[in-house]
Amino acid sequence: MSIRVGKTSKAPDFPIAAVTALENAQLRQNVHHATEVIRNKRALRVRETADWQELRNAAHDIKQHTLKHLDHYLIEFERNCQQAGGTVHWARDADEANAIAIGLIQQYGGEEVIKVKTMTSDEVQMNVALEKAGITPHETDLADMIVQLGEDEPSHIVVPALHKNRFEIRDIFRKKMSLPHLTAEPEALAGAARQYLRERFMRVKIGISGANFAIAETGSVCVVESEGNGRMCVTLPDVLITLVGIEKIIPTFQDLEVFLQLLPRSATGERMNPYNSLWTGVRKGDGPQAFHVILLDNGRTKLMHSEMERETLDCIRCGACLNACPVYRETGGHAYGSIYSGPIGAILSPQLNSLQYSRTLPFASSLCGACYEVCPVKINIPEILIHLRGRVVRDDQKTISGTFSQMNLAMKGAALVFGSRRRYEAAQRLGRMGQKLFEKNGQLEHLPGMAGGWTRFRDLRPLPKQAFRDWWKAREAARPSPESEPRP
Amino acid sequence: MQIALFVACYNDTLFPQTGIAVTNVLERLGHTVTFPLQQTCCGQMHYNTGFHREAAPIVRRFVQTFANEEVVCVPSSSCVAMMREHYEMIAEAENDPAFLADVRALLPRIFELSELLVNYLGVEDVGASFPHSVAYHPSCHSVRVLHLGDKPIRLLHAVNGLKLIDIPNKEQCCGFGGTFAVKNPDVSGAMLAEKQANILSTGAEVVTAVDNSCLMHIYGGLHRASSQVRTLHLAEILASQERAQ
Chain A
7 MSIRVGKTSK APDFPIAAVT ALENAQLRQN VHHATEVIRN KRALRVRETA DWQELRNAAH
67 DIKQHTLKHL DHYLIEFERN CQQAGGTVHW ARDADEANAI AIGLIQQYGG EEVIKVKTMT
127 SDEVQMNVAL EKAGITPHET DLADMIVQLG EDEPSHIVVP ALHKNRFEIR DIFRKKMSLP
187 HLTAEPEALA GAARQYLRER FMRVKIGISG ANFAIAETGS VCVVESEGNG RMCVTLPDVL
247 ITLVGIEKII PTFQDLEVFL QLLPRSATGE RMNPYNSLWT GVRKGDGPQA FHVILLDNGR
307 TKLMHSEMER ETLDCIRCGA CLNACPVYRE TGGHAYGSIY SGPIGAILSP QLNSLQYSRT
367 LPFASSLCGA CYEVCPVKIN IPEILIHLRG RVVRDDQKTI SGTFSQMNLA MKGAALVFGS
427 RRRYEAAQRL GRMGQKLFEK NGQLEHLPGM AGGWTRFRDL RPLPKQAFRD WWKAREAARP
487 SPESEPRP
Chain B
-18 MQIALFVACY NDTLFPQTGI AVTNVLERLG HTVTFPLQQT CCGQMHYNTG FHREAAPIVR
42 RFVQTFANEE VVCVPSSSCV AMMREHYEMI AEAENDPAFL ADVRALLPRI FELSELLVNY
102 LGVEDVGASF PHSVAYHPSC HSVRVLHLGD KPIRLLHAVN GLKLIDIPNK EQCCGFGGTF
162 AVKNPDVSGA MLAEKQANIL STGAEVVTAV DNSCLMHIYG GLHRASSQVR TLHLAEILAS
222 QERAQ
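Going down the list, the sequences are from chains A and B.
Yeah, the first sequence ends on 494 if you go by this note's numbering, and it's all consecutive.
Yeah, the second sequence ends on 226 if you go by this note's numbering, and it's all consecutive.
Note that these hints are calculated values from the structure, not bench results.
Treat each hint with caution, since some may be false.
Stated by the list, open to error - Among the chain A residues that face chain B by a calculated CB cut under 10 Å, a handful are:
#, residue
1, L28
2, R34
3, C374
4, R395
5, E431
6, F463
7, F474
Glycine is no exception: its CB is placed at the ideal position from the N, C-alpha and C atoms.
With the rest of the complex left out, here is chain B (with noise of 0.2 Å):
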């Protein structure tokens, strides 16, 4: 089958061993993985923001140049968050019939990669390996807007090798939010330590997520406080073939 990546913005910039990673398990399983270059970003940084006139291009831009693709691969929640809940807002508010149809038509074709694998391809052994100790910390969107249930557990639960731990109140905010982080960093900074906290707890030596943003956040104050612990996209521990030395 052929799949379309969006990779996300931020993944695309910071994070492109995420990308590579989802390449890797996609043509793994003997799918053809296609990355339109025209993409951008979906626009949920300016609409969580407030900035909604702003998002309506941007939006605008991802239907285009996903509009004709059978099948879209989107390794972060919030930004599948983004467009399930407020793409047909967004379209309706541009008063725009022939928008509003595009994005009403793909919008069941847009798959946040658990999703893909698990429902959509019927897959939850993709072939990996990874002996090591790992927890999983359940993003907002994924747990609240995409219901992803125990999608990406499944997947982790199939990897050779893999010991699952589960976070104290793992459901709780990492405190991230986007610009939340710069316009209250007191209040997140807050939030992040409790869930940082939690995440020592466990002694997991890998914490993994469905979104980097998240993962990014809890980097940020594991590396400050010196943690040795490593944060991972799901794809990442998914592609891994590492061995029992």
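Just chain A, same shape as in the assembly (with noise of 0.2 Å):
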């Protein structure tokens, strides 16, 4: 599978993408489950915490703070972070960053590097770049390793191997880590998984990580996680080097007591991570002795300009609202074509890269709104959903093909319908006279161009005899009104 957000952006279109995910019953099962196990321990931890709310609105209000101001708090944090000892880099897209990252390793003299939490490194495919230039990148997250060893994709901005069973897993690792007697057993696969691991945190001297926080007053970078792979990561190795997307930025190292009450809850339904890595530049003698901070932007900044736009860069990447989006448990992720899936992923990925590679996604939503009921930094999702439409729609309409789409037509029709009560009660004649070509046994089964989407997997009761107005009008005009009594 190609990945949307980045240069190759070959995925194929959401409704298309959806029905292979939909013919398999595997991953089917896989994302209902997991999902579920999630949303319900997510909604016991919110159920438990007073003042959810409260710092919901709290989150929003610093993330939108910090993003009117980000200028100013970039700075902040690179001052502060070059005084710790760490250096920043900037990086305008995916092919400086990864330009950097490889001139980096090349430097400390590097052939190989561990990850972790690194999501923002997918989103610039810095495995294929570090590939590309003869450097064998390492995933340890177990999560990722598993999508890495089996040559997949990640399917959940959480949980990126969501999409596999633990007897999918163990034919991964049987294979690529040559146990061609591993059993499917929790303890036998984390033990597989852990040998396999530790001899690469042992050997390997240049980690990547990403970051969940950066902290401009204090210039540190946080990493919140489960496994402890990533403490290894970010303690472990000579040289660290973090990838960071300009939104991360908080203000203040208090922030973080509103984020790290919000985010685990969210993601995993934890009260607190199991560990919440922080780290502030270079100490001697202690963890890496080289720090580097990559700050990247790749199609942030063309998110500043408007205030809905704006909100999409909030995300903290919690993944609740994969978990509660009923899109999304039908699908699971790769349908998105975008790393980031998933409610979050049909606005991001669209603004983040161009509107044109993404067209169908801003459409793969009902609009349930369940995604904005659990978000923790409160995006609007729905509504930033419906104005992407209207730019897809507009675009649309510049171009011949789009102007005499049945969508244009159909709309354009129906706005003229409902402009009149005149045009609008002659549709409804029309509609009850067209009708009677499709009907069958009182049914509407089978109906031609964009409404045979509809019948497809529904049934269509054809318009009555009477629409409510001639119902209206028909008594009204069966009432004695006062003007038809006989005068005295």
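Bring the two chains, given one by one in their own frames, into a single complex with the hints.
Pasting the structure below:
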């Protein structure tokens, strides 16, 4: 599968990719089970947090404030990080980020790297770039490792291998770790992974991480995780390179109190992550002796000018919207054609990348609002989806094929009909006549064109003989009005 | 009290019995119902599909039609959601202060049916009788935009002879989503299949909601599967005077 966020945007459109996903019963079963487990755990944790709504509001305010003054906070972060012994690099796009990373790895003489918690590196397709440069990347987050060894793509923001069950994972490990007798017991799988990873933790001298938060006030970076593999990656190597999307900045250390309550509860249904790693620059004799931060734009500043679009950058990548989404539930993440899947992916991918590569993503939602309800930073995802739909439609209308598309003609026609009582009532009469062509056994079972999408799965009752307004008019006519009463 | 009915374009055209039921319930409670014939659509289909320029005149027409009404009743939560979520934004984009002022003045006077009955009129028992088992589908917009809470449930509880059954995972979307159902028919169909199975597991004779759009979708799936379960708008149950045999 190619990745839509990034330069090679060859992923199929969502409705087509979704069909492939829907046909995979195992995948759907895995996704149903995994999302339900996390969703229920999350709900439990949220219910016991009395000030949940206040926390959401606070997070939203902090994020919006930071994004409005991002230039200021980025510079503050750079200054404080460098003062503490780190080096800050600025990357406009994927190519620059990869070139900086490769340059650093070569400068330190590395041929392989251990990586953890960096979806942003997937966004820039860093592994592909590293391999091209002769550098071997080893993913060390368990799920990322499964995805990498399976030559697969992540399907969830927090649980990248959510689409795999333990039997499928066993098969991958058997093949890639040369363990032909490995069983699918969780203990056996964890043991195999541990052995495989530890060997790499001890050997590889350069680490690459992402960041959940970058704190302007102190120049610190924060990564939260469940396994401890992240802790290994950010403490054991001699050199640490951290790739940070510029929207990950928060102003102060104290702001963490809000986000570290919201993130674990939303992401995995835990009160606190098992591992919360925070580091500031370089400390002699303790941890990596060289620390580099790459601050990545890659389309993010495009979202700054519009208040609505900017809200997308509030995202703290908790994945709660994926677990809540009834569309994601049926399709899993791959159908979204981007490492950012689910509702947040449907708004993030089209905005980070050019909208033309993801025209169908803003429509990949029934606008049920479950995503907005669970979002810990209150991103109004349905509203942004509708906004992006507007951009797609207006772009389409500038082209000939778009102007004459069934959808555009139908919508233009409907707008005319709704514009006048006379046309509206005529359309009701016309509909009643026209449907006779398709009526069978008192039902509409096969409709042509776009409407065929409906009748593939659903019947439709034909229009009744009398619209409500016809009933109303008949009733009014039968009612004796004051004028028609005989005058004395 | 005089109550203006905005029946919604799809109810007007496809589900006249819902409008008739609303009229009957409100008149039975002693109110006068009016139906301004200039009304057509709230603009939701256009707006939610991204046809924002095309939606604006439809919204304008709605506001003009109902601007002078004291109270407007809408038996469709998604239309009310459209009004509350987007009308101000649309008027602001039109750069027309008078239009925006009209929108702001009208919005507080618009009520979804169960809001009107329970909150505004303070009625829960509307004198209905319906001796059947009923599953209530809490539609997405009614739950997550209007926050109707238990208002429809309280109305149903007060119906004579009615046995209310809970649908498992009830707040999950049925997969309709307006043009989503035709733009993503396969995903929509898969979502419907889940909803359908959950409804059938209740053994209820009737499934109800405050939106005929969801019910049209659910009916379409149930009928295709040759199920005998009926779909009825909440208003039709509230209008019912059916006695147990």
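**Request:** Return the status of the interface hint for C374(A): holds when the least beta-carbon distance to chain B is below 10 Å, violated otherwise.
**Result:** This interface hint holds because 4 Å falls under the 10 Å limit.
**Asked** Does the interface hint hold: is E431(A) within less than 10 Å of chain B, judged Cβ to Cβ?
**Response** holds (9 Å)
**Prompt:** Holds or violated: F474(A) as interface residue toward chain B, Cβ cutoff 10 Å?
**Reply:** For F474(A), the interface hint holds, since the closest Cβ of chain B sits about 4 Å away, which is under 10 Å.
**Asked** Quick one, is the R395(A) hint okay against chain B at 10 Å, beta carbons?
**Response** holds (3 Å)
**Message:** Please check whether F463(A) passes as an interface residue: C-beta within 10 Å of a C-beta belonging to chain B.
**Reply:** holds (3 Å)
**Item:** Residue hint R34(A), partner chain B, criterion CB-CB below 10 Å
**Value:** The hint holds - R34(A) has a Cβ within 10 Å of chain B, the shortest such distance being about 8 Å.
**Request:** Verify the interface restraint on L28(A): the C-beta must sit less than 10 Å from at least one C-beta of chain B.
**Result:** holds (6 Å)
Violated hints for the displayed structure: none, as all numbered hints are satisfied.
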